[in-house]
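2 protein chains.
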Amino acid sequence: MAVNRLGSEEKIMNIPLTPLRFLRYAEQQYPNETAVVCGDLRLTYEQFADRANRLAGAIRNARVAPGERVAFLSTNCHRLLEAYYGVVAAGTVLLPLNYRLSANELEYILKDSEASLLFLEQEFLPLVDSFRERVSSVRAFFLLDGQPSAGWLSPRNYDDTLLEATPYVPDIMGIEEDSLAELFYTSGTSAFPKGVMLSHRNVYLHALNTRVALHTAEHRSLLHTIPLFHANGWGAVHANTCTGGKHVMLRRFIPSDVFRLVEREGIETLHLIPLMASALVNSPDLGKHDLSSLEWISIGGAASSPTLLRLVEKKLGCACFAGYGLTETAPVLSTARLKPGKTMPEEERYKTQAMTGYAIPGVEIRVVDAEDRDVPRDAATMGEVIARSDGVMLGYWRQPQATSEVMRGGWFHTSDMATMNEEGSFLIVDRKKDIIISGGENISSLEVEKALEAHPAVREAAVIPVPHDTWGEVPKALVVLQPSSNLTELELIEFCRSSLSHYKCPRSVEFVESLPKTATGKILKKSLRRKYRGESFGSEFA
Amino acid sequence: MAVNRLGSEEKIMNIPLTPLRFLRYAEQQYPNETAVVCGDLRLTYEQFADRANRLAGAIRNARVAPGERVAFLSTNCHRLLEAYYGVVAAGTVLLPLNYRLSANELEYILKDSEASLLFLEQEFLPLVDSFRERVSSVRAFFLLDGQPSAGWLSPRNYDDTLLEATPYVPDIMGIEEDSLAELFYTSGTSAFPKGVMLSHRNVYLHALNTRVALHTAEHRSLLHTIPLFHANGWGAVHANTCTGGKHVMLRRFIPSDVFRLVEREGIETLHLIPLMASALVNSPDLGKHDLSSLEWISIGGAASSPTLLRLVEKKLGCACFAGYGLTETAPVLSTARLKPGKTMPEEERYKTQAMTGYAIPGVEIRVVDAEDRDVPRDAATMGEVIARSDGVMLGYWRQPQATSEVMRGGWFHTSDMATMNEEGSFLIVDRKKDIIISGGENISSLEVEKALEAHPAVREAAVIPVPHDTWGEVPKALVVLQPSSNLTELELIEFCRSSLSHYKCPRSVEFVESLPKTATGKILKKSLRRKYRGESFGSEFA
Chain Z
277 MAVNRLGSEE
287 KIMNIPLTPL
297 RFLRYAEQQY
307 PNETAVVCGD
317 LRLTYEQFAD
327 RANRLAGAIR
337 NARVAPGERV
347 AFLSTNCHRL
357 LEAYYGVVAA
367 GTVLLPLNYR
377 LSANELEYIL
387 KDSEASLLFL
397 EQEFLPLVDS
407 FRERVSSVRA
417 FFLLDGQPSA
427 GWLSPRNYDD
437 TLLEATPYVP
447 DIMGIEEDSL
457 AELFYTSGTS
467 AFPKGVMLSH
477 RNVYLHALNT
487 RVALHTAEHR
497 SLLHTIPLFH
507 ANGWGAVHAN
517 TCTGGKHVML
527 RRFIPSDVFR
537 LVEREGIETL
547 HLIPLMASAL
557 VNSPDLGKHD
567 LSSLEWISIG
577 GAASSPTLLR
587 LVEKKLGCAC
597 FAGYGLTETA
607 PVLSTARLKP
617 GKTMPEEERY
627 KTQAMTGYAI
637 PGVEIRVVDA
647 EDRDVPRDAA
657 TMGEVIARSD
667 GVMLGYWRQP
677 QATSEVMRGG
687 WFHTSDMATM
697 NEEGSFLIVD
707 RKKDIIISGG
717 ENISSLEVEK
727 ALEAHPAVRE
737 AAVIPVPHDT
747 WGEVPKALVV
757 LQPSSNLTEL
767 ELIEFCRSSL
777 SHYKCPRSVE
787 FVESLPKTAT
797 GKILKKSLRR
807 KYRGESFGSE
817 FA
Chain P
277 MAVNRLGSEE
287 KIMNIPLTPL
297 RFLRYAEQQY
307 PNETAVVCGD
317 LRLTYEQFAD
327 RANRLAGAIR
337 NARVAPGERV
347 AFLSTNCHRL
357 LEAYYGVVAA
367 GTVLLPLNYR
377 LSANELEYIL
387 KDSEASLLFL
397 EQEFLPLVDS
407 FRERVSSVRA
417 FFLLDGQPSA
427 GWLSPRNYDD
437 TLLEATPYVP
447 DIMGIEEDSL
457 AELFYTSGTS
467 AFPKGVMLSH
477 RNVYLHALNT
487 RVALHTAEHR
497 SLLHTIPLFH
507 ANGWGAVHAN
517 TCTGGKHVML
527 RRFIPSDVFR
537 LVEREGIETL
547 HLIPLMASAL
557 VNSPDLGKHD
567 LSSLEWISIG
577 GAASSPTLLR
587 LVEKKLGCAC
597 FAGYGLTETA
607 PVLSTARLKP
617 GKTMPEEERY
627 KTQAMTGYAI
637 PGVEIRVVDA
647 EDRDVPRDAA
657 TMGEVIARSD
667 GVMLGYWRQP
677 QATSEVMRGG
687 WFHTSDMATM
697 NEEGSFLIVD
707 RKKDIIISGG
717 ENISSLEVEK
727 ALEAHPAVRE
737 AAVIPVPHDT
747 WGEVPKALVV
757 LQPSSNLTEL
767 ELIEFCRSSL
777 SHYKCPRSVE
787 FVESLPKTAT
797 GKILKKSLRR
807 KYRGESFGSE
817 FA
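Going down the list, the sequences are from chains Z and P. If you're matching positions, the first sequence starts at 277 in our numbering and goes up one per residue. If you're matching positions, the second sequence starts at 277 in our numbering and goes up one per residue.
It should be emphasised that the hints constitute simulated quantities derived from the structure, not laboratory data. Here a beta-carbon is modelled for each residue, glycine too, at the ideal position from N, C-alpha and C. Just so you know, not all the hints are guaranteed correct.
Claimed, not checked - Below, simulated DSBU-like cross-link-like pairs (lysine-lysine); rule was C-alpha separation at most 35 Å, straight line:
| # | chain 1 | residue 1 | chain 2 | residue 2 |
| --- | --- | --- | --- | --- |
| 1 | Z | 591 | P | 618 |
| 2 | Z | 618 | P | 618 |
| 3 | Z | 798 | Z | 708 |
Said to hold, decoys possible - If the Cβ cut is set under 8 Å, some of the chain Z residues that face chain P in the computed set are:
| # | residue |
| --- | --- |
| 4 | 288 |
| 5 | 616 |
| 6 | 683 |
All chains, full assembly: derive it from the sequences and hints.
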């Protein structure tokens, strides 16, 4: 019951916005269509929904109360996809874990979230066994594949558990749309991983918003190239189920498998990170398969380049554009797909499509200064990207202070620095904390890194600020050279001066063997900054 | 502030779901794109939004409080479209009036709604003048076009009022999404018109749902063929603004104008009633214009036929399918567009596309018996269509009892009788009250009418129940013949027997000069039923 503004007390028929409605709809309208393809297994929506309902029943059998967390440690498999509906249908919270994390990171996350159940694949048994005794909240461990042998595992495996369970079908009307549905931990390049709390409403509206922004009414097959624990991966799940689309699972990213599945399953859309896109266009298997079903490829997770987009469009024969989002925003905020009706010369088009893009429907983006005032839309002035959207998380799990900090003024602060042009398209230039402020000027560490990496002898570079008496900070470069290169510091700085303003060029270059990285391959600049300021590493994950 | 299920009191960033967000987004992302084309006038989204904001300012200047009703009596014009945003931005409720209604119907609606302001076009001045003194709630009358002369009109016309007003831009975050945004009166074939209350959330989610069901990401131009006071007309407004689409206004439905505008403006989608579709395919102007921009045409408002759909597809060269909805459901509930990936032989396809269709995303449809139990999905058993969707109205204006009645059990009862097939597609067979129950068998009056109208001498037919001692009710036909036909009652009944079961055939036929109809052309069967039962007409509109 809600009282409307007219003062009358009529009952309002608001159907809770929950992703469970997507599966319910697909089950009703597309019962005999293929929902999931996983290896040799094909499940119709009727079968898939039944399995999800049985998972919900099994979780309730395990006496896990609504709101408790249920963790999954799994590669991209139909069982993990079932969890996106089954765990939530049980009233519990889905927690997909990043299997590339170290044992101590996983232990931290399971402890922090106080997960009650953990479902895992066989290959992660040794990893989980190494810390499971210290994670007291987990009451049962379920093996997703194969037969359990270790005593600490539930005696029945996942499929048997489902077979024995009674399907549980929740009443959609009883769901609180603002309650927690999914919990994802951020990768933690700068601190301990934080749990990002997404509500039913967050993920429901995000799916509709991305559908309006990106999809056609005919959309019906998606290849899950990116691990589903990653925002770029799970962000596409619900938008695909929404109209009975086919989910094709990909356990490991192997270009020949991608091509084979695109051809066999008539895949229409892919979400890739730039590394995957490079792997596809450079694969010797390209050309062996019919890829004509591909409609578009969206690239996210890291900056793209016009060159890469051109290669993808030419070699894979479909539209390719960048996108941007964060775990905290459910995730998509922007797309660089050309706006409807827009045309431009090819070179300009690739450049535009490689930008961070423009806000999709349902999203507002601003680029602001330190006082949250909009910076000029001049494609030059840097500011922080802030966003308001239906996808913005409930907050960080049990971190009200960190939540208030990023949510200040009613806008989510991304910590990404960008410029914005007249048309509202923006371009991320750096992470806020990686900006170097030298003599009052902002220097994008990414821009300097790009200049360094343009030198053929440079394999990888990281640019960080180091203290300076006159300028406050100056840029310092840490560079990994190509094997058997004998480039000198002076030569490299000279090289930078050919493309960068003087004040942006590194004051010093240090050649190193490797750069510290997270499990997902992001350079840990915070570690580097600390090291070169003489600070200790602390307890940060590295 | 909302408390989430975890008990913590984090602030939840729920952006209210309001159609004002669509215009805000279009203004930000498509400021220089054409928003509206109306005659020779073209407005960009920046200009259109400015005008809507000025209208909001003018309404606030007129000291109209939030929640009060602002009525518009206008043909399809950019000013009426501005009201869809300006009136709502002012915090007031938009009430678009059907200009085909009689003076006493309009008077009734203005009194019932207690409208505070009335904006009208010059051509409706005599109509409004005839009852305005009896409508005491209206504090000011504004002339939309031309210059006011009558003393009871506001001294300044609409455009001047806008010029003088200060734009008012409401804080989206302050809007209550469940509050009333739009009020539409149903056409009243069976009783006094009832005000249908739609919330901000209703119309917002309806727009997203129809986008997911029908549109492509490239969608960008719509011709407003149907008057915007009609569900079939206003239902398309927000879905078009949502991504900066172009609204092309059509004041009167004249086929040559439609063709000319489709060509000139690159129109992609049309919503038509069957009569309009017939007029287009039979127009002598067909073939004089390039219609290749047309992507699809949706037909609603009355039953379509496979023949009509085929004609439209062949002659206009685009997809054509039926759709179904009601004012009470914001409006679209179903589409008969083929489901993604579905193909079938041409004849079957036209038949399928002429059905009432299947529930669009966000909508659940059931066909139920008198106890709200689902009837078999056998494409034969009749039942009432009931629906649950994000678009279902808040209720009828100041009619809690009528509201409870149609909302019983948490489902909106449409009073439409239908059959449903295995795949969840349904077909309306009649209005509930028009079903004839003869010897315990349900007879669809529509089915009998179709059988009658298949005779070349029959121009129009209405079938109603009349009391019968043995069978309870039997069907009686009222028939308008083609000029100079001399068909007899017996001949016509015989003709029916060639296509209908015996019990469904009319027991008697009465030839009449004409049939009573509503302003929108619907046959007033209630009047006929009363007449042939010997009841008086009462105070019903006719």
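Take the C-alpha atoms of residue 618/Z and residue 618/P, compute the straight-line distance between them, and say whether it is at most 35 Å.
holds, 31 Å
Residue 288/Z was flagged as interface toward chain P. Is the shortest Cβ-Cβ separation under 8 Å?
holds, 6 Å
Using 8 Å as the Cβ threshold, decide whether residue 616/Z counts as touching chain P.
holds, 5 Å
Check the hint pairing residue 798/Z with residue 708/Z against an upper bound of 35 Å on the C-alpha distance.
holds, 15 Å
Quick one, is the residue 683/Z hint okay against chain P at 8 Å, beta carbons?
At 7 Å from the nearest chain P Cβ, residue 683/Z passes the 8 Å test, so the hint holds.
Quick one, are residue 591/Z and residue 618/P close enough, alpha carbons at most 35 Å?
Holds, at roughly 30 Å.
Comparing the model with each earlier hint shows no violations; every hint is respected.
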